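J.: With the hints as extra help, turn the sequences into a complete structure.
Per our numbering, residue 7 is the first one in the sequence shown, and the count goes up by one each step.
By construction, these hints were calculated from the structure, which means they are not laboratory data.
Take these hints with a grain of salt, some might be off.
Stated by the list, open to error - Subject to a maximum C-alpha distance of 25 Å in a straight line, what follows is the list of computed DMTMM-like cross-link-like pairs (lysine to aspartate or glutamate):
{"no.": "1", "residue 1": "Lys395", "residue 2": "Glu383"}
{"no.": "2", "residue 1": "Lys485", "residue 2": "Glu501"}
{"no.": "3", "residue 1": "Lys395", "residue 2": "Glu422"}
{"no.": "4", "residue 1": "Lys486", "residue 2": "Glu498"}
{"no.": "5", "residue 1": "Lys628", "residue 2": "Glu498"}
{"no.": "6", "residue 1": "Lys486", "residue 2": "Asp107"}
{"no.": "7", "residue 1": "Lys621", "residue 2": "Glu515"}
Stated by the list, open to error - Quick list of the computed label-pair ranges, beta carbon to beta carbon:
{"no.": "8", "residue 1": "Gly493", "residue 2": "Asn386", "range": "43 to 49 Å"}
{"no.": "9", "residue 1": "Glu625", "residue 2": "Gly394", "range": "39 to 45 Å"}
{"no.": "10", "residue 1": "Arg484", "residue 2": "Pro531", "range": "16 to 22 Å"}
{"no.": "11", "residue 1": "Leu582", "residue 2": "Gly161", "range": "15 to 21 Å"}
{"no.": "12", "residue 1": "Glu490", "residue 2": "Ala326", "range": "47 to 53 Å"}
{"no.": "13", "residue 1": "Ala128", "residue 2": "Gly577", "range": "15 to 21 Å"}
{"no.": "14", "residue 1": "Thr509", "residue 2": "Thr138", "range": "44 to 50 Å"}
{"no.": "15", "residue 1": "Arg106", "residue 2": "Ala326", "range": "29 to 35 Å"}
In this text, all values refer to a predicted model and were calculated from it rather than measured experimentally.
Built from N, CA and C at the ideal position, the CB exists for glycine as well.
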Amino acid sequence: MARFSLPGACRDGPEGPSCPSGPAPPTQRRPKGRRRSHRHGRPGHVEGRIPDLLSTSAIHSGEDNVENCGDPRPRPEGGHLMPEANADAIWDSTLSILRRDDTVSQRVMALLTLSRLMAVVADTALLAVPSTSAKELIENRIAGSLKAALSEATGKDLRFAVTVDESLLLEGDDEDEAPAPPLTSSSTARSAHPVDNDVDSSTGDVHTPPFRRGRGSVLPSEPASGRPALPSSSTPDSAASAASRLGRGEDEFHGSAADDPSAYAGMSALSGASAPSPGPAPRRPAPAGGASPLGEDSRLNSKYTFDTFVIGSSNRFAQAAASAVAETPAKAYNPLFIYGGSGLGKTHLLHAVGHYAQSLYPDVVVRYVNSEEFTNEFINSVQSGQFGKAQEFQRRYRDIDILLIDDIQFLQRAPETMEAFFHTFNTLYNSDKQIVITSDLPPKELGGFEDRMRSRFEMGLMTDVQPPDLETRIAILRKKVAQENTGEVPHEVLEYIASHIATNIRELEGALIRVQALHSLSRQPMDVTLAESVLKDLLSHDDGAQITASTIIAQTATYFGLSVEEIVGTGRSRRLVSARQIGMYLCRELTDMPLIRIGEEFGGRDHTTVMHANKKISELMKERRAIFNQVTELTARIKSSSSSARQ
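T.: Structure follows, in structure tokens:
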């Protein structure tokens, strides 16, 4: 994420961010006797004046990811909180918009429901979140999506600032509030013995989760190997005896969801579990060092599952291997190394492994990461000079059960990061934790990697994915139509598209989007003639010339009468933002660059900003003829420019 030096900007120190104006004031507590609002189960607003709170909060533009403690622009003096009903209504609308955003995980949504909008001052929305880890998660993961949702909910372009209010996690203590329902014997039993959550109510069987958080943790059933056990059943004498047999006594758990309701909310949302009965929430293991699980996120895309993966002769073996890994982690194939060209479904398989494993074993801790994101996080932990940051980095990637790392080939540009990954790999492998890796090349052809690293990639199973055949490509398009629910597309149209785009699934789906967009805009019949008119421009300069991000950015700037510096800069006018988003969309469709690299090319923006741009332009192409024409004309210019440069 790009950081810009602005007047009064925060500085990271041993005790966290600090501002030139002095330390942030402590969270102001509600005077005794003042009624706390519980609309939607959230506490009332934090008392305080908005200018004071804004001076100690990072301001985030989302699209530009600017962090600033002392925004140099003037703010209204003595601004106060807006009426609670207005703030709640805006926040409810924002949450509704985010729930439709596939880039926002269920766990993040659980955190957002515990947060609240305090006020909108000028062009800045001030949010209160329950913890520092929740603040970091929101700022680092969904800045672009949150900014877009706030702007849509209010009808104006907003930035946002995040402040921590721990009272959002506190129970109301006013005398005029209704007391909590009394505990029942059943709810007490559930909270006293966390193993009860694994008991099948119909049979009394205890389903043993195969994983425990933390390095080298083992189950008594396999004390020597430490490998994850498959689900098994036994007849428990009692919940206490079951807990004893499984080694999950209360004394083994160092963190409690009861102490952190937001952590339990995120966990429940992710696993699909229902809310607990009144009383102490079931415990779950905490990460090493006692860190809150609030900041943990598997980073899985909800669209990429085995159900949505189209199997053909080109990927059948890779899909079977990935499925086996999810069913028996660290037993079937470890590591699993999947390689093949760009846009052939490798990333889809990675996410599918994570989703399937989580559905089988709710306690499994999964982490998906792109190699460039891994590199950025490692560099940040080293450059901070703080021992705690380095420990946090190690915990994030070692205290897990399944590591899914995408595009490993990009590590070759960062030798120090490669060394860090080497030790991470060894730690996970020696602890019998599953590793799944994707690359555009097989291990032997990976340049820049030491032999010791390549040999480790080859220790498990290597499988490739090939470009799909015509039948598979048609099936991919048919499933895409069904998923998007955008109306029927005749078979002959799907066949025409599939027969002309054979090597990249991303470009294949992009062509379908363009055909659907022109059909929606022009009301022409959905037939082969329509598809021909769309693909004529798309394929006219398709001679295999490599298209780069720099070419796309330069052509986009020229087309819109802007400079390259403006496209990658911090400007946020409507015309500039639209051009930038179209450029990001075309980078996603016409190149094999991962989201993180596209964000870096566009001024160091967050990958969620790229995802938002891709989704928005895809939708606008079907609604606005001007956007469709701009994308079509720019595509032709970009391909023509790339072809000329090749000659």
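J.: If a hint holds in the structure, say so; if it does not, say that too.
T.: Verification of the supplied hints:
1. Lys395 to Glu383: Between Lys395 and Glu383 the Cα gap is close to 10 Å, so the pair holds against 25 Å.
2. Lys485 to Glu501: With a Cα-Cα distance of about 13 Å, the restraint between Lys485 and Glu501 holds, given a limit of 25 Å.
3. Lys395 to Glu422: Answer holds: Lys395 to Glu422 is near 16 Å, not above 25 Å.
4. Lys486 to Glu498: Holds - the C-alpha atoms of Glu498 and Lys486 are around 16 Å apart, at most 25 Å.
5. Lys628 to Glu498: Given pair Lys628, Glu498 holds - Cα atoms ~21 Å apart, limit 25 Å.
6. Lys486 to Asp107: holds, 17 Å
7. Lys621 to Glu515: This hinted pair holds, its Cα atoms lying about 13 Å apart.
8. Gly493 to Asn386: 43 to 49 Å: holds, 45 Å
9. Glu625 to Gly394: 39 to 45 Å: Distance hint for Glu625, Gly394 holds at roughly 42 Å.
10. Arg484 to Pro531: 16 to 22 Å: holds, 19 Å
11. Leu582 to Gly161: 15 to 21 Å: holds, 20 Å
12. Glu490 to Ala326: 47 to 53 Å: violated, 27 Å
13. Ala128 to Gly577: 15 to 21 Å: The hint (15 to 21 Å, Cβ to Cβ) holds, given that Ala128 and Gly577 are roughly 18 Å apart.
14. Thr509 to Thr138: 44 to 50 Å: holds, 46 Å
15. Arg106 to Ala326: 29 to 35 Å: Check passed, 33 Å falls within 29 to 35 Å.
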